[in-house]
Amino acid sequence: MFRPDDNQSTAGADSRAVCVWRFLDGRAGHRNQVLGLTEALGRMVPIVCQDIDVSQMLNGVRCLLPRPLNMLRRYRLPDFIIGAGHATHLPLLAAATWFGGKSIVLMKPSLPLALFDLCLVPAADGLIKIPPNVMITEGAINRIRPGSARIPDRGLMLIGGPSRHFGWSDSDVLRQVQSVIEASPAMEWTISTSRRTPATFLSAWQASGCRGRLVPVEQTNSEWLPAQLTTMANVWVTNESVSMIFEALTAGAAVGILQLSPSRDSRVTRCVDSLISRKLVTPFNLFHVRLPAPIAGRLLNEAERCAEMIARRYQIEIPDQELTRRRSA
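Per the numbering used here, residue 388 is the first one in the sequence shown, and the count goes up by one each step.
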């Protein structure tokens, strides 16, 4: 259940390194957020990470019992305990009470905000009052790093699937994909699916004869998408795939939105509407008026921004060479 992961250490056995316990619930999206933050912190200061799976003996109220918590005594005491997802919230607090360390939760927690030392909450969660222990983020934190070797004539389409926020339509998505591809004859397009993409969309795509290279999700791994995003000049994403929209923005690509009709008003639909209204992304219905363009004047790198804030907040000394690099970047 508890898995040391030496590959996640940037400092080996260095006792001066910042020690982070990463509480994981088995969900890939939550893991992506936690790793994004700790990897950004690890690029600034020496850290050593311990991954702890909470899905078994630490799930629910069992995390309050002495025996499961005693299993954590084998590890170096943490400076920070970081988690994302409902299942990590109570174990995170219990471990912080027993072993010390600052408790940091990603996304709005299911427990009161005041119980945690720091909460990194996406703006779309709509907090009315922002207490001192809350930092508002632009979307969910991710592992993507801005790319500099962008290929101007390469584009990527990221196709999601049915969700409770938007009504899915194979024909609507395919029509928009075809229109974008036909309007950019010089671009080489890669089209990738997700685990939510219906098989009927794949059949429709194959029957359409549309130009582009189809890469089903089954042919990818966890490193494929980050590698693509750092080199693609243009990225189009179906609007229910909010996490992929923010990953594309973080990579520094020009981002377009393949539009589906909203099923209801929700924080997800409001988040996408906000990105469109601020012209951070281009919706398909404005495609022939305004081409997608990278965000002017700034990069959207929330993992790095939050890691910097944590270092300042808790007075973690950043090495001189890293300070020099960051000032010249």
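Incorrect hints may have been included.
[Stated by the list, open to error] Using 27 Å as the maximum straight-line C-alpha spacing, the simulated DSS-like pairs for lysine-lysine come out as follows:
#, residue 1, residue 2
1, 666, 489
2, 495, 516
3, 516, 489
[To be verified] Here are the simulated distance ranges between beta carbons:
#, residue 1, residue 2, range
4, 566, 604, 17 to 27 Å
5, 538, 486, 18 to 28 Å
6, 433, 513, 34 to 44 Å
7, 604, 702, 19 to 29 Å
8, 573, 502, 30 to 40 Å
9, 461, 666, 47 to 57 Å
10, 603, 486, 41 to 51 Å
11, 572, 672, 37 to 47 Å
12, 562, 403, 52 to 62 Å
13, 514, 650, 23 to 33 Å
14, 610, 535, 16 to 26 Å
15, 433, 610, 22 to 32 Å
16, 433, 514, 26 to 36 Å
17, 603, 565, 16 to 26 Å
These aren't lab readings, by the way, just hints derived from the structure by calculation. Glycine included, C-beta positions come from ideal geometry on N, C-alpha and C.
For residue 604 and residue 702, compare the CB-CB distance with the range 19 to 29 Å and indicate the outcome.
About 43 Å separates the Cβ atoms of residue 604 and residue 702, which means 19 to 29 Å is violated.
Could you see if the CB distance from residue 538 to residue 486 stays within 18 to 28 Å?
violated (47 Å)
Do the Cβ positions of residue 573 and residue 502 conform to the proposed distance bound of 30 to 40 Å?
About 54 Å separates the Cβ atoms of residue 573 and residue 502, which means 30 to 40 Å is violated.
Is residue 516 close enough to residue 489, meaning Cα to Cα at most 27 Å?
holds (22 Å)
23 to 33 Å as the expected CB spacing between residue 650 and residue 514, which holds or is violated
Holds, at about 24 Å.
Can you let me know if the beta-carbon spacing of residue 603 and residue 565 is within 16 to 26 Å?
holds (19 Å)
Verdict for residue 610, residue 535 (Cβ pair) under range 16 to 26 Å
Distance hint for residue 610, residue 535 holds at roughly 18 Å.
Pair hint residue 666 and residue 489, alpha-carbon separation not exceeding 27 Å:
Distance of about 37 Å is beyond 27 Å: violated.
Beta-carbon spacing of residue 461 to residue 666 - inside the hinted bounds 47 to 57 Å or not:
holds (51 Å)
Between the beta carbons of residue 566 and residue 604, is the distance compatible with 17 to 27 Å?
Cβ of residue 566 to Cβ of residue 604: about 23 Å, so the range 17 to 27 Å holds.
CB-CB spacing for residue 672 and residue 572 relative to the 37 to 47 Å hint
For residue 572 and residue 672 the Cβ distance comes to about 22 Å; the hint is violated.
Hint says 34 to 44 Å; check whether the CB-CB distance for residue 433 and residue 513 agrees.
About 37 Å separates the Cβ atoms of residue 433 and residue 513, which means 34 to 44 Å holds.
Going through the hint list in order, the structure does not satisfy hints 1, 5, 7, 8 and 11.
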